[in-house]
Amino acid sequence: MQIEHRKSGAVLIVVPQERRIDASSAKDFKGKMVDWINEGNQMIVLDLQNVDFIDSSGLGAIVSCLKSLGGQGALVICNIRETVASLFQLTRMNRVFSIFQSQDDAVAALSG
Amino acid sequence: MNLRSSRTIKFAIDSRLENVSLLGLAVRSICSSLPLSPTEIYQIELSLAEAVNNTIKHAYHGQSGHEVEVIATVETDRLVIEIRDTGIPLPEQRRSAAVFDPDDVLSLPESGMGLHIIHTAMDKIEHDRHGHKNILRMIKIFERQEERGTCK
Chain A
1 MQIEHRKSGA
11 VLIVVPQERR
21 IDASSAKDFK
31 GKMVDWINEG
41 NQMIVLDLQN
51 VDFIDSSGLG
61 AIVSCLKSLG
71 GQGALVICNI
81 RETVASLFQL
91 TRMNRVFSIF
101 QSQDDAVAAL
111 SG
Chain B
1 MNLRSSRTIK
11 FAIDSRLENV
21 SLLGLAVRSI
31 CSSLPLSPTE
41 IYQIELSLAE
51 AVNNTIKHAY
61 HGQSGHEVEV
71 IATVETDRLV
81 IEIRDTGIPL
91 PEQRRSAAVF
101 DPDDVLSLPE
111 SGMGLHIIHT
121 AMDKIEHDRH
131 GHKNILRMIK
141 IFERQEERGT
151 CK
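One line per chain: the protein sequences are A and B, in this order.
Position 52, counted from 1, in the first sequence is what our numbering calls 52; the numbers after and before it change by one each time, with no gaps.
Position 99, counted from 1, in the second sequence is what our numbering calls 99; the numbers after and before it change by one each time, with no gaps.
Looking at chain A on its own, in the form it has when it is part of the complex:
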């Protein structure tokens, strides 16, 4: 899975370049994310602007990344499509993840 990433201050901005985070790509996605977390990144913005489909395996991988932070730092989401957001509502994960309209809003929230 191709994932663009860059730093904005202490915040790591992660932008998957694939349209899907699903059962066939979740392990790869999680592996890359955990590597960045293990390198010391604790404030992470996951920008889903290119993603039009996530299944429960993909969602599980995102949850696993949150757990990898070990209660330190934060993992927030931005630029999520209404359809994809409905997965978070169906599974009630919208109560777990902060979701922002734009990347700037998400970065500002973690930089405050």
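Any given hint could be a false lead.
[What the hints assert, rightly or not] Below, simulated SDA-like cross-link-like pairs (lysine to any residue); rule was C-alpha separation at most 25 angstroms, straight line: (1) A:Lys32 - B:Lys57; (2) A:Lys67 - B:Gly24; (3) B:Lys57 - A:Gln72; (4) A:Lys32 - A:Gln72; (5) A:Lys67 - B:Lys10; (6) B:Lys57 - B:Pro38; (7) A:Lys32 - B:Gly62; (8) A:Lys27 - B:Gly112; (9) A:Lys67 - B:Ser107; (10) A:Lys27 - B:Pro102; (11) A:Lys67 - B:Val105; (12) A:Lys7 - A:Arg19.
[What the hints assert, rightly or not] Every beta carbon over 12 angstroms from chain A, so not counted as near; a handful from chain B, in silico: (13) Ile9; (14) Phe11; (15) Ala12; (16) Gly112; (17) Arg129; (18) Arg137.
Since the hints were made in silico from the structure, they are not lab data.
Backbone N, C-alpha and C fix where the C-beta goes; we use that ideal spot for every residue, glycine too.
Here the structure of chain A is known, so what remains is to put chain B in place on it, guided by the hints.
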């Protein structure tokens, strides 16, 4: 079922997770001609993906080389999607409720959400077994549409 107004298409994939997106594309395309919202279409594709992922992972133990068959039938007021496989019959599982403490990060579920998604997103779920085939039938009911003369 009103046979005169139902339309059916059958497609099949080899039991590899990489193939599931192809089924999603096909069903999404079928749904686009029906009176369904973008979110409903997404959730139907999601339910199909969850069901087929379960089949590949559990009924076929993650092994390729087996067929997963999907039959989509459009009736006047509903879409019926059947997933058929010849793998190990899976016990009809109770859906797990999405119950967790959102503040207790370490207790959050990473798996087991598929059945909850299917049961929440679809209107009716039926399990069946014909001969050596397992059948999962998922039904989405929509507002009755005017009779259409031809398929789009």
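Results of checking the hints against the structure:
1. A:Lys32 - B:Lys57: holds, 23 angstroms
2. A:Lys67 - B:Gly24: violated, 30 angstroms
3. B:Lys57 - A:Gln72: Not OK: Lys57 (chain B) and Gln72 (chain A) at ~33 angstroms, beyond 25 angstroms, violated.
4. A:Lys32 - A:Gln72: Given pair Lys32 (chain A), Gln72 (chain A) holds - Cα atoms ~19 angstroms apart, limit 25 angstroms.
5. A:Lys67 - B:Lys10: violated, 41 angstroms
6. B:Lys57 - B:Pro38: violated, 28 angstroms
7. A:Lys32 - B:Gly62: holds, 23 angstroms
8. A:Lys27 - B:Gly112: holds, 16 angstroms
9. A:Lys67 - B:Ser107: Between Lys67 (chain A) and Ser107 (chain B) the Cα gap is close to 9 angstroms, so the pair holds against 25 angstroms.
10. A:Lys27 - B:Pro102: Measuring from Cα to Cα gives roughly 23 angstroms; hence the hint holds.
11. A:Lys67 - B:Val105: This hinted pair holds, its Cα atoms lying about 6 angstroms apart.
12. A:Lys7 - A:Arg19: At roughly 22 angstroms apart (the allowed maximum being 25 angstroms), Arg19 (chain A) and Lys7 (chain A) satisfy the hint.
13. Ile9: holds, 21 angstroms
14. Phe11: holds, 18 angstroms
15. Ala12: At roughly 18 angstroms from the nearest Cβ of chain A, Ala12 (chain B) sits farther out than 12 angstroms, so the non-interface label holds.
16. Gly112: violated, 8 angstroms
17. Arg129: Nearest chain A Cβ is 24 angstroms from Arg129 (chain B), so the label holds.
18. Arg137: holds, 20 angstroms
Checked against the numbered hints given earlier, the structure breaks hints 2, 3, 5, 6 and 16 and satisfies all the rest.
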